[in-house]
Amino acid sequence: MKPLRTIAVGFDGSDDSKAAVRWAFEMASQVDSDVVLVHAVGLLERARIEEVTAELRETVRRLTGESGFDHARVRLHVANGDPCSVLLRAKDAPLEADLIVVGSRGQGEHAGLLLGSTSLQLAEHSSIPVVVVPSQHADG
Amino acid sequence: MLVINGPTDDSGHQDPGHPERPDRVTAVMAGIADLHLGSDLVVAPEYSATRAELTRVHEGGYLDELDMFCYEGGGDLDEDTYATYKSWSIARFAAGAGISAVDTLRQRNDGVAFVVTRPPGHHALRDRAMGFCLLNNIAVTAAKLTSEGERVLIIDWDVHHGNGTQSIFWNDPNVLYVSTHQWPLFPGSGTPREIGGLDAMGLTLNIPLPPGATGDVVRQAIDEAATPVIEKFGPTWVLVSAGFDAHRDDPMADLKLTSGDFAELGRMAFGFAPRPGRLALFLEGGYDLAALQGSVAATLSSMLGGEYQPESPSSGGPGSEMVFRARAERVLALRQAEEVPTDQDRVI
Ligand SMILES: [Zn+2]
Numbered sequence: 000m001k002p003l004r005t006i007a008v009g010f011d012g013s014d015d016s017k018a019a020v021r022w023a024f025e026m027a028s029q030v031d032s033d034v035v036l037v038h039a040v041g042l043l044e045r046a047r048i049e050e051v052t053a054e055l056r057e058t059v060r061r062l063t064g065e066s067g068f069d070h071a072r073v074r075l076h077v078a079n080g081d082p083c084s085v086l087l088r089a090k091d092a093p094l095e096a097d098l099i100v101v102g103s104r105g106q107g108e109h110a111g112l113l114l115g116s117t118s119l120q121l122a123e124h125s126s127i128p129v130v131v132v133p134s135q136h137a138d139g
Numbered sequence: 000m001l002v003i004n005g006p007t008d009d010s011g012h013q014d015p016g017h018p019e020r021p022d023r024v025t026a027v028m029a030g031i032a033d034l035h036l037g038s039d040l041v042v043a044p045e046y047s048a049t050r051a052e053l054t055r056v057h058e059g060g061y062l063d064e065l066d067m068f069c070y071e072g073g074g075d076l077d078e079d080t081y082a083t084y085k086s087w088s089i090a091r092f093a094a095g096a097g098i099s100a101v102d103t104l105r106q107r108n109d110g111v112a113f114v115v116t117r118p119p120g121h122h123a124l125r126d127r128a129m130g131f132c133l134l135n136n137i138a139v140t141a142a143k144l145t146s147e148g149e150r151v152l153i154i155d156w157d158v159h160h161g162n163g164t165q166s167i168f169w170n171d172p173n174v175l176y177v178s179t180h181q182w183p184l185f186p187g188s189g190t191p192r193e194i195g196g197l198d199a200m201g202l203t204l205n206i207p208l209p210p211g212a213t214g215d216v217v218r219q220a221i222d223e224a225a226t227p228v229i230e231k232f233g234p235t236w237v238l239v240s241a242g243f244d245a246h247r248d249d250p251m252a253d254l255k256l257t258s259g260d261f262a263e264l265g266r267m268a269f270g271f272a273p274r275p276g277r278l279a280l281f282l283e284g285g286y287d288l289a290a291l292q293g294s295v296a297a298t299l300s301s302m303l304g305g306e307y308q309p310e311s312p313s314s315g316g317p318g319s320e321m322v323f324r325a326r327a328e329r330v331l332a333l334r335q336a337e338e339v340p341t342d343q344d345r346v347i
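Chains A and B, in that order, give the protein sequences. Mind the numbering: the first sequence is residues 0 to 139 in numbering that gives the first Met the number 0, read in order. Mind the numbering: the second sequence is residues 0 to 347 in numbering that gives the first Met the number 0, read in order.
Because the hints were derived from the structure by calculation, they are not lab data. Heads up, some of the hints might be wrong.
What the hints assert, rightly or not - Selected chain B positions facing chain A (Cβ under 10 Å, derived; list incomplete):
1) 18
2) 78
3) 127
4) 162
5) 251
Glycine included, C-beta positions come from ideal geometry on N, C-alpha and C.
Just chain A, with the same shape it has in the complex:
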């Protein structure tokens, strides 16, 4: 198996996505890899993208600090698109991720909806491994 150099984590600021980030930091510490937090910018969010990016940066800083993971190995990647497509592209340049980590539910995702779920869509379409971190890991 090829070494995990870069782990991409879906990150929308929701509790589930924070749980996924924490899991990715733990994993990255063990296998000595970088972590890229990937945020997808939708049609509506674009209007306040600067504000959103600033908030996300702050959250990333806080999560990194709390976990004790090396700040220098964490990046925030903000890209246009829906979360699923943006994460599917994480395997390509410039990120070249080897693994995708997501929370079980993204922000605004409806609990009853299976086909709309980013994690299931990723599992179906991704050509690199996908880890879905269960909701129980979310603790705010």
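Following the hints, put chain B with the ligand in place on chain A, whose structure we already have.
Just chain B with the ligand now, kept in the frame of chain A:
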């Protein structure tokens, strides 16, 4: 002659504060009224797409789930996309409207159709709603036409890439998908290297444009990059994903088109139709109501041989270089695709 679809009550598909709202259809209808068409305006019967028509482009499981989601009261499908209790019914009328409009064009063997529907459709994937779209309206009509042996050109001049339409027809040799769109922008797909699947190599054509691009650049993109491919393909029908969010006043993007530019694009689309009665436009985006009204009127007027043009065409923006590069990248991608041993690639 202009054919429009019969009015569907779409007021049940709305979410307070959301830009994809019923007022958009009101603005479009005001634009049509500005043309004073009189008896040249024909209304096609209201029609709800059947399951068989929808499953040509959508997975049955997705349709069931969307139906159930709405039945249970609806909600947010993702950060951008909502559905209400009434959306399932409204979306099926939106998906059927094109079929009805095409039937009317065929009966009369004349005219141009404008399918005034919402929710829009070009982001909707086979198995997923996204980007304000639930069902892929233009794809439902295109798939019906190809099932009858037609060859369909889809021109998508909405400011966003029509990722849903592209992926639905990715491997279909009877559909040529041509899109101009701002780059980078949602949904993030639509590079010139996306050229279609093995059975439809070269039948996806993407021309991304930089923020600030004006109408002359879009015209150049169609003229230089798309026209030769369209002529070689030889469509028997032309469908247009007519979004008007590339207008300079639209809040969703940064292209600088005017209503006069849409008139020019309308003229070009008209020129690609093999004969009268073989061209239908579908409303996609367009969120500034005044820009929408003026742009719809200008587009339809030019197609019908009129002169209504509230703003002159724009020029001088960036993007010429990007169009040139897109052509080069596409040629490279086509060459590389040819070098892949086909039988090896077909092994499943
Ligand atoms: Zn659009």
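Do the hints match the structure? See the list:
no. : hint : result
1   : 18   : holds (8 Å)
2   : 78   : holds (4 Å)
3   : 127  : holds (6 Å)
4   : 162  : holds (7 Å)
5   : 251  : holds (7 Å)
Of the numbered hints given earlier, the model fails none.
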